[in-house]
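Peer 1: Listed below, chain by chain, are the residues.
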Amino acid sequence: MRLINRRPSRPVAVLLAALPFVLIVIAYMIGSDLRLAANPQDKLLPAPSTIWDTAVRLFTEPDKRSGRILLWADTGASLRRLALGVGIAAAISLSLGVLIGLLPYARRLLSGFVAVISMVPPLALLPILFIVFGLGEVSKVVLIVIGITPFLTRDLSQRVLDIPHEEIVKAQTLGASTLVIALRVVLPQILPRLISAIRLALGSAWLFLIAAEAVAADVGLGYRIFLVRRYLAMDVILTYVLWITFLAFVIDWALKRLSGKAFPWMGAGL
Amino acid sequence: MSFVTVRDVWKSYDGRPILERVNVDVEEGEFISIVGASGCGKSTFLRLLLADELPSRGAIRIEQGHRAMEPNQERGVVFQRYSVFPHMTVRDNIVAAESFGTRSGWFFGKRLRGARERADETLARIGLSHVADNYPATLSGGMQQRLAIGQALTAQPRILLLDEPFGALDPGTRLAMHDFLTELRARTKMTVFMVTHDLTEGFKLGDRVLVFDKPRWDPHDPGAYGATITYDFDARDEGIPFQTIKEKTHVPVSA
Numbered sequence: 001m002r003l004i005n006r007r008p009s010r011p012v013a014v015l016l017a018a019l020p021f022v023l024i025v026i027a028y029m030i031g032s033d034l035r036l037a038a039n040p041q042d043k044l045l046p047a048p049s050t051i052w053d054t055a056v057r058l059f060t061e062p063d064k065r066s067g068r069i070l071l072w073a074d075t076g077a078s079l080r081r082l083a084l085g086v087g088i089a090a091a092i093s094l095s096l097g098v099l100i101g102l103l104p105y106a107r108r109l110l111s112g113f114v115a116v117i118s119m120v121p122p123l124a125l126l127p128i129l130f131i132v133f134g135l136g137e138v139s140k141v142v143l144i145v146i147g148i149t150p151f152l153t154r155d156l157s158q159r160v161l162d163i164p165h166e167e168i169v170k171a172q173t174l175g176a177s178t179l180v181i182a183l184r185v186v187l188p189q190i191l192p193r194l195i196s197a198i199r200l201a202l203g204s205a206w207l208f209l210i211a212a213e214a215v216a217a218d219v220g221l222g223y224r225i226f227l228v229r230r231y232l233a234m235d236v237i238l239t240y241v242l243w244i245t246f247l248a249f250v251i252d253w254a255l256k257r258l259s260g261k262a263f264p265w266m267g268a269g270l
Numbered sequence: 001m002s003f004v005t006v007r008d009v010w011k012s013y014d015g016r017p018i019l020e021r022v023n024v025d026v027e028e029g030e031f032i033s034i035v036g037a038s039g040c041g042k043s044t045f046l047r048l049l050l051a052d053e054l055p056s057r058g059a060i061r062i063e064q065g066h067r068a069m070e071p072n073q074e075r076g077v078v079f080q081r082y083s084v085f086p087h088m089t090v091r092d093n094i095v096a097a098e099s100f101g102t103r104s105g106w107f108f109g110k111r112l113r114g115a116r117e118r119a120d121e122t123l124a125r126i127g128l129s130h131v132a133d134n135y136p137a138t139l140s141g142g143m144q145q146r147l148a149i150g151q152a153l154t155a156q157p158r159i160l161l162l163d164e165p166f167g168a169l170d171p172g173t174r175l176a177m178h179d180f181l182t183e184l185r186a187r188t189k190m191t192v193f194m195v196t197h198d199l200t201e202g203f204k205l206g207d208r209v210l211v212f213d214k215p216r217w218d219p220h221d222p223g224a225y226g227a228t229i230t231y232d233f234d235a236r237d238e239g240i241p242f243q244t245i246k247e248k249t250h251v252p253v254s255a
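The listed protein sequences correspond, in order, to chains A and B. The first sequence begins at 1 in the UniProt record's numbering and counts up one residue at a time. The second sequence begins at 1 in the UniProt record's numbering and counts up one residue at a time.
Among the hints, a few may not be true.
Quick look at which bits of chain B chain A covers, simulated, 3 or more residues with Cβ under 8 angstroms [as the list claims (entries may be wrong)]: (1) 73-86; (2) 102-109; (3) 149-157; (4) 185-192.
Simulated restraints on C-beta separations [stated by the list, open to error]: (5) Asp198/B / Leu16/A: 27 to 35 angstroms; (6) Ala262/A / Glu183/B: 37 to 45 angstroms; (7) Pro219/B / Ala262/A: 56 to 64 angstroms.
Residues from chain B that keep clear of chain A, each with C-beta distances beyond 10 angstroms, as calculated [stated by the list, open to error]: (8) Phe3; (9) Tyr13; (10) Val24; (11) Asp52; (12) Glu121; (13) Arg125; (14) Tyr135; (15) Tyr231.
It is worth saying that the hints were derived from the structure and are not from the lab. All C-beta atoms, glycine included, are put in the ideal place defined by N, C-alpha and C.
If we strip away everything but chain A, and leave its shape as in the complex, we get (with noise of 0.2 angstroms):
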């Protein structure tokens, strides 16, 4: 039988998704075995128990001088810029989308602006955006809007052009009007897309936010990672690495199911 006409039975395929896991814990234990071993106090590689540990503390035990649970902050400091930058950029991506698709005239004004733009690299962009905006929460927002708003207004743009004529062509003899096919062809039928490419640009925006706080910020898990860099204490590091990974991970997640139940129509497209 061909390797291609080879399928893993089911018990077979949980232990195939799960072993990669497995093998890096366990390189890692090894790794962190063999160099306490050699000396104690080595602190690159701490035990999975301290690390244990340390995540208890981080997410359990209120910060000394400020009385709050520090972890739990720099999560809703992040998150709430996150949840801005994104929201911020799918809603301007969504309009200029929509215009590009839809009508020739923006079409020739904006999509080789975007196309250019779009080749930016946002994070040189960084200081200008700190002079201008000041080390505040605005920076890293617009850091993130502008990081993801071109890729989103672009694949969005394409999504309305790969709408079928035929069904514009068809609104419009049904007496619908630019804006009535726009809201009501276009708009309902992008809205899965924009969702589908948020999930997509999400990696992106981690990315700005962790460098943009990494700068400048004084609360923030990118700041917090930073900061404790210099006392090399990997521990707390790698607590905030994993946080960040399951907090992205649930993000998609839940952005999937959305898509989903908001779009039923969309069946098995998704």
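Given the coordinates of chain A, work out where chain B should sit on it, guided by the hints.
Peer 2: This is chain B only, laid out in the frame that chain A set:
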């Protein structure tokens, strides 16, 4: 005067003629089948009737009206695919045929209820009541096309344009759709243009069959000349036009 007049219509893309010298008059209530080989311009002709594209020369008028510059409510259309809105339920697709003409595209309150009731009557007529709340993707090809025809007729167009409407259906469903369309036409007396590549279908449904072909052909430059209407068959009486001839033939001139 005839209902639809097509006068000396030419259509070319990048200087290449696709259609040339197309002239035809159609009476109100006629069913026109349009047949021809692939790439002979029959779909282009339908898009010109639809005003989705404009003729390079000549004019198409309905009841001596203005030349249409874009698709409008005078023209209803059903394509081979993508003729209904996938994000609306079957009922909402019919309601949309009424509400899209308004400023906002939405009906509210009393108007919405009225439109829904009329939509349910339409669905009962086209046999789709049992799937009123389903999305089109869950319907079979034949049901989707029935919905598309129902939707197009709800907007009350002057002419109905069908672009290979049954081309993607299996033979059994196609026959059922023929009966459906014949029945619908007997009731509405709609003027219909149907592009098909199935000759039998064209003669079965049509009152007239227009054949598109290239009358001039340059073997060294096949794209040099466009297609036009080369035959205009009377397809009533199952395509046997002389069946109803009343006067006696072969009668000696002076008996």
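Peer 1: Run every hint past the structure and note whether it holds.
Peer 2: Hints, one by one, checked against the model:
With 11 residues having a Cβ less than 8 angstroms from any Cβ of chain A, the region 73-86 of chain B passes the three-residue criterion, so the hint holds. Figure legend: the region 102-109 of chain B, annotated as covered by chain A; annotation consistent (5 residues with Cβ-Cβ distances under 8 angstroms, at least 3 required). Here the region 149-157 of chain B counts 4 residues with a CB under 8 angstroms from a CB of chain A, which clears the bar of 3, and the coverage holds. For a cut-off of 8 angstroms, the count of residues in the region 185-192 of chain B with a CB near a CB of chain A stands at 0, and the three-residue condition is violated.
At roughly 51 angstroms, the beta carbons of aspartate 198/B and leucine 16/A sit outside the given window of 27 to 35 angstroms. Restraint check, alanine 262/A to glutamate 183/B: a C-beta distance of roughly 39 angstroms satisfies the suggested window 37 to 45 angstroms. Range check, proline 219/B to alanine 262/A: Cβ separation about 59 angstroms, and the 56 to 64 angstroms hint holds. No beta-carbon of chain A comes within 10 angstroms of the beta-carbon of phenylalanine 3/B; the shortest separation is about 18 angstroms.
Residue placement check: tyrosine 13/B keeps its beta carbon more than 10 angstroms from all beta carbons of chain A (closest about 16 angstroms). At roughly 21 angstroms from the closest C-beta of chain A, the C-beta of valine 24/B stays outside 10 angstroms, upholding its exclusion from the interface. Once the 10 angstroms rule is applied to beta carbons, aspartate 52/B is inconsistent with being away from chain A; the minimum gap is 5 angstroms. The non-interface label for glutamate 121/B is consistent with chain A: the shortest C-beta to C-beta separation is roughly 18 angstroms, beyond 10 angstroms.
Every CB of chain A lies more than 10 angstroms from the CB of arginine 125/B, the least distance being 19 angstroms, so the non-interface label holds. Under the 10 angstroms C-beta cut-off, the non-interface status given to tyrosine 135/B relative to chain A is violated; the minimum distance is some 4 angstroms. With a closest Cβ-Cβ approach of about 29 angstroms to chain A, tyrosine 231/B is found to remain outside the 10 angstroms limit, as its non-interface label requires.
In summary, the numbered hints that this structure violates are 4, 5, 11, 14.
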